[in-house]
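**Student:** Each chain, written out:
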Amino acid sequence: MTDKSMDMLIGFVAIVLGTVFLITFVAIESQIEILGLIVLTAIAVVVSARMGISTRISEAFASNEPLMNSAMLLATLVVAFWFREDHFPLLMIATVLLYLTACLGLNMQFGYTGVVNFAGAGFFGVGCYTAAVLNQHTAVPHLLVVVLGGVIAALVGSILILPVLRTRGHYAAVVTIAFGIMFKTFLEVNDTLGGPQGLKVPGMEILGWSFNSNIEIGAEIELSFYLNYVAIGLALAVLAFILTRRIERSWVGLSLDAVRLDETAAACFGVNIKRWKITAFTLGNFLIGMAGAVFAMMLGFIAPTNFAFGDSLILVSIVLLGGMGSPWGTVIAAGLVILLPEKLQAIQEYRFLLYAIVVILILLFRPQGLLPRGLRTYVPGWRG
Amino acid sequence: MSAFTIAMVLSVAVGFAEAKDKVKVAFIGPLTGGVSANGIGGRNSADLAVQLRNADAKAKYEYELVALDDECKPNVGVQVATKTASDKKIIGAVTHYCSAVAIGAVDIYNKFSLPVIVWGAVLPDITYGNTYKEVHRVNGTMINQNDVAAEFMAGQGYKKWVIIHDTTDYGKGHNKYFSEALKKNGGEILATFGVTAEQQDFTAELTKAKALNPEVIYFGGLTPIGVRIRSQMEKLGLKAEFQGTSGIMADAFIAGLGPLAEGIVAFREGAPVDKLPGGKFFVQKYKDQGYAESPEAYGPFAFAAMNLLLDSIEEVGPNRKKVRKMLNGTANRDSIVGKITFDDHGQNTVAAITKYVVQDGKWVVWEDSEYVSGKRKLQGM
Amino acid sequence: MDAGLLGQFVVNGMMLGMMYALVAVGFTLFFGVLDVIKFSHGDVLMVGTFAGFSTYLGISALGIDNAFVQLIGVLVAAVCSMAFLGAVIARYLVLPLKSAPPLNVLLITLMLGTVLRETVRLFYPDGSNPKPFPYLLPTDSWAFGSFTLRADSMILLLGGLLVIVGVHILINKTKMGLAMRAVAQDEETAKCMGINFTLIVLLTFALGSGVAAFAGVMNGLYYNEINFGMGLLLGVIGFSAAIIGGLGNIYGAILGGFLFAGLQTIGAVALPFSSAYKDVFAFSVVIALMVWRPTGLIAEKSSERV
Chain X
1 MTDKSMDMLI GFVAIVLGTV FLITFVAIES QIEILGLIVL TAIAVVVSAR MGISTRISEA
61 FASNEPLMNS AMLLATLVVA FWFREDHFPL LMIATVLLYL TACLGLNMQF GYTGVVNFAG
121 AGFFGVGCYT AAVLNQHTAV PHLLVVVLGG VIAALVGSIL ILPVLRTRGH YAAVVTIAFG
181 IMFKTFLEVN DTLGGPQGLK VPGMEILGWS FNSNIEIGAE IELSFYLNYV AIGLALAVLA
241 FILTRRIERS WVGLSLDAVR LDETAAACFG VNIKRWKITA FTLGNFLIGM AGAVFAMMLG
301 FIAPTNFAFG DSLILVSIVL LGGMGSPWGT VIAAGLVILL PEKLQAIQEY RFLLYAIVVI
361 LILLFRPQGL LPRGLRTYVP GWRG
Chain Z
1 MSAFTIAMVL SVAVGFAEAK DKVKVAFIGP LTGGVSANGI GGRNSADLAV QLRNADAKAK
61 YEYELVALDD ECKPNVGVQV ATKTASDKKI IGAVTHYCSA VAIGAVDIYN KFSLPVIVWG
121 AVLPDITYGN TYKEVHRVNG TMINQNDVAA EFMAGQGYKK WVIIHDTTDY GKGHNKYFSE
181 ALKKNGGEIL ATFGVTAEQQ DFTAELTKAK ALNPEVIYFG GLTPIGVRIR SQMEKLGLKA
241 EFQGTSGIMA DAFIAGLGPL AEGIVAFREG APVDKLPGGK FFVQKYKDQG YAESPEAYGP
301 FAFAAMNLLL DSIEEVGPNR KKVRKMLNGT ANRDSIVGKI TFDDHGQNTV AAITKYVVQD
361 GKWVVWEDSE YVSGKRKLQG M
Chain Y
1 MDAGLLGQFV VNGMMLGMMY ALVAVGFTLF FGVLDVIKFS HGDVLMVGTF AGFSTYLGIS
61 ALGIDNAFVQ LIGVLVAAVC SMAFLGAVIA RYLVLPLKSA PPLNVLLITL MLGTVLRETV
121 RLFYPDGSNP KPFPYLLPTD SWAFGSFTLR ADSMILLLGG LLVIVGVHIL INKTKMGLAM
181 RAVAQDEETA KCMGINFTLI VLLTFALGSG VAAFAGVMNG LYYNEINFGM GLLLGVIGFS
241 AAIIGGLGNI YGAILGGFLF AGLQTIGAVA LPFSSAYKDV FAFSVVIALM VWRPTGLIAE
301 KSSERV
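Chains as they are written, first to last, in my numbering: chain X, 1 to 384; chain Z, 1 to 381; chain Y, 1 to 306.
Hints should not be assumed to be uniformly reliable.
[Claimed, not checked] Here are the computed lysine-lysine pairs in the DSSO-like style, where the Cα-Cα straight-line distance is at most 30 Å:
id, chain 1, residue 1, chain 2, residue 2
1, Z, 159, X, 274
2, X, 274, Z, 133
3, Z, 159, Z, 133
4, Z, 58, X, 200
5, Z, 133, Z, 184
[As the list claims (entries may be wrong)] Chain X is faced by these chain Y residues, among others (derived, beta-carbon under 7 Å):
id, residue
6, 114
7, 279
8, 289
9, 291
10, 294
None of these hints come from the bench; they were simulated from the model. Values in this document were obtained by computation on a predicted structure and should not be read as measured data. Backbone N, C-alpha and C fix where the C-beta goes; we use that ideal spot for every residue, glycine too.
Extracted from the complex, chain X is given alone in its bound form (with noise of 0.2 Å):
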């Protein structure tokens, strides 16, 4: 077998594997099974990276990409129809999903451009009171108002512009820092958008197709409601990633690369920090708050404790614990991140403490990330 369908057949394992392992986890129910499960995995990891065979996996995907990228999404579909009739693990599928979404948006502003950003929670409450609003009191269709929630995000983050584009580094970050409470407390506080109680929100419907009740096929199968959710939300992160991608390989993403690394050389080669850094921010937020407006129409309620500072440091840590501007490390720490903690119950109460550490120690040993995004290639998979 020549070297490169070795790799493939490796990096077709491993997703395989991977699915299997993701059913499991989200099948199992007692302690020490999941205990059990993740100290197996963590070991099987370990072993594959001493043998090498982690470094043949990322040169399979980085060589195959539409083959490898399409079987994950096949791998994604198998686990949603797994589950088709349980409730529960597909609404933490879909909020992986959506979470990824936003994690995307928010790698898009700070990964690639070094726009700090902690008040991602907030752009995302941005999107679901949108559509929480427009859900209740207007008609506006369903799928427009997703795409509502993402414009008036992108919106709400233009009043930011202004501090952000004059500010560097610390300062950035109390001005991000400062809108995310701001945002909070005005929600808390005003009645119009329900105020501490929070709203309802009426379930998605696209043509009549009602997303909220169960899907009925014949007399014997019930599929959850849940995973019309699943679909929109693969549908999101799908298009989220197509977009970070490419925009990651064209010029735009060496430009946004180039305003991280340094602002003053790449202001002098003629590259426009403003407009870069506006259409980073922009994008981003747009991106979080498509994420938010199916988030909200998939939990029916939401609140303003939803989105708290805390909040805000998850999508940050996500980012950062997947590495700084790779799409690949930001799936599998979101999936990590949300998962977890929902599944090792008897850590559900120790988990943000639990989580901080990991953060620090991450931080501390490997501040790359999971999966680091490397150095850029000028053309993909060309090597020379």
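Once you've looked at the hints, dock chains Z and Y against the given chain X.
**Tutor:** Below, chains Z and Y without anything else, positioned relative to chain X:
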């Protein structure tokens, strides 16, 4: 990797080999946060019901209690409710002390057809604001509570009130019903202030209130804010009687204020626990089981609710729709809190409203206190 | 509105300003010395207050009832333990990351703050509930018409003022302060001059954390309540105050603290909506200020190597 598959298959097989007559029931309440004492008391009481039932040889099923924390926050409550309701193995649940949480969660229970019995939330809309067949409640609503409160306080001779309430549906509900009741009893409301549930500093509101010279400050909200308002009243020299609702009836309230709590009045539906039909039985069993925390004011209701749920499961089997139907038909059912009858909205009528006053660091029933005889006087009397 | 009510608001505003200023001074000290924003500062404050509270419980359990002794004990315990904690954080988490990208340090300290907060919430007995802080100051009050002046507010204000003056004297008139300023100005030259860099950094962190602990105890004494979340908002406000005043500048930090408190008070009093909008108002003014003056009111003089 085949060892892995074998391990996976084995674990699934082991799961199947276990006995099949276990039934899961859930309890949801605020186990952390400012009102956790009530939540934990409720959980212990529900657990007591499950333990007593499991010890009963005549029971058809073995019950497992899944206790979940809603943190008294609406969004957490909705998440927890979704998790509970979407788990097909949970047949029924005893839910919610915080009204703000319950009002958001009822939609979820309806969506997933999970029959629930509310044990502590008093907002009327939880049962009357919808026609969901899944939602029932054993404790009373705040309407009666506020009627009696207004009548009592006006009867004491007070005329001028300032109302402070939190901006959740709970506080707003109290504001609405108390204002209506007060108008009927001839009291005057000088001003109304809404405060957020996590507000720390009340100087602005209390200073404005002080300028109006009220005789009573009515507070519609929960313990943590109540503590802060009362102590800041003292700091600003605002001398008025502090009147609260069932939300501040917790030992934590008195612990937080120390001597400042003396003379504060509050009202709660249901008779005090030792005057309930099954009160002494409940207190004895609770003590025997050895829980570290007190059942607090609503523990008996949680116990009664869980018992009712378990009874229904015993009668019709672990099927959500059948249990729901059974609960809907509950009429004149005996329980430790008296006879339970659910009306067409699933609401039980609790006639008695008890008045309490803080005396010497404890909540004492008004009629048993030294205030009724005049030995001690309320503020401003 | 009559003078009495106004006076009430002014006193309250000054109390808040004092607390924010104390926290902001810590932020600014850390930034000056190491160019680092230690976001966990607010939570260090909270831990200090809890330490003081535990000391109070311990002292009362020992049977000592004298409020003055209890107060001294609480203060000493809080300040010393937090000075120690601050030094430890500096030594193990901040110094090793001196050359890391600022985002990493930002995140590590944010996470550290979360760790501190969650640890107290989970492991302190009944940590998730607010705890009543004892009344350790005399509670006499004098009423001037509608204005009530309380002895404890006065004492707190005075105490805060003394601490600020003390820090000022320490920084400007002592040898250690000189060393701190030297390190803040230029690390390498200071080292060349024989200053023990690590020691000074540890001392600076200890000083800032101790001051924060004092602010935390002040907060506890004023509101008579402490809870595990009090550090977060105080930290963000202190940070904003330090930024407004310009990082690295102690007077800027103090100014920023009082400015923020003033904004909050104006928001509470003057706005027609409920006083809960005061935070929204204050933060939006902060953001607007940042647009106008991106490096704070008393701007930081910085140069960048290209």
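**Student:** For this structure, which hints from the list above don't hold up?
**Tutor:** 1, 2, 3, 4, 5 and 8
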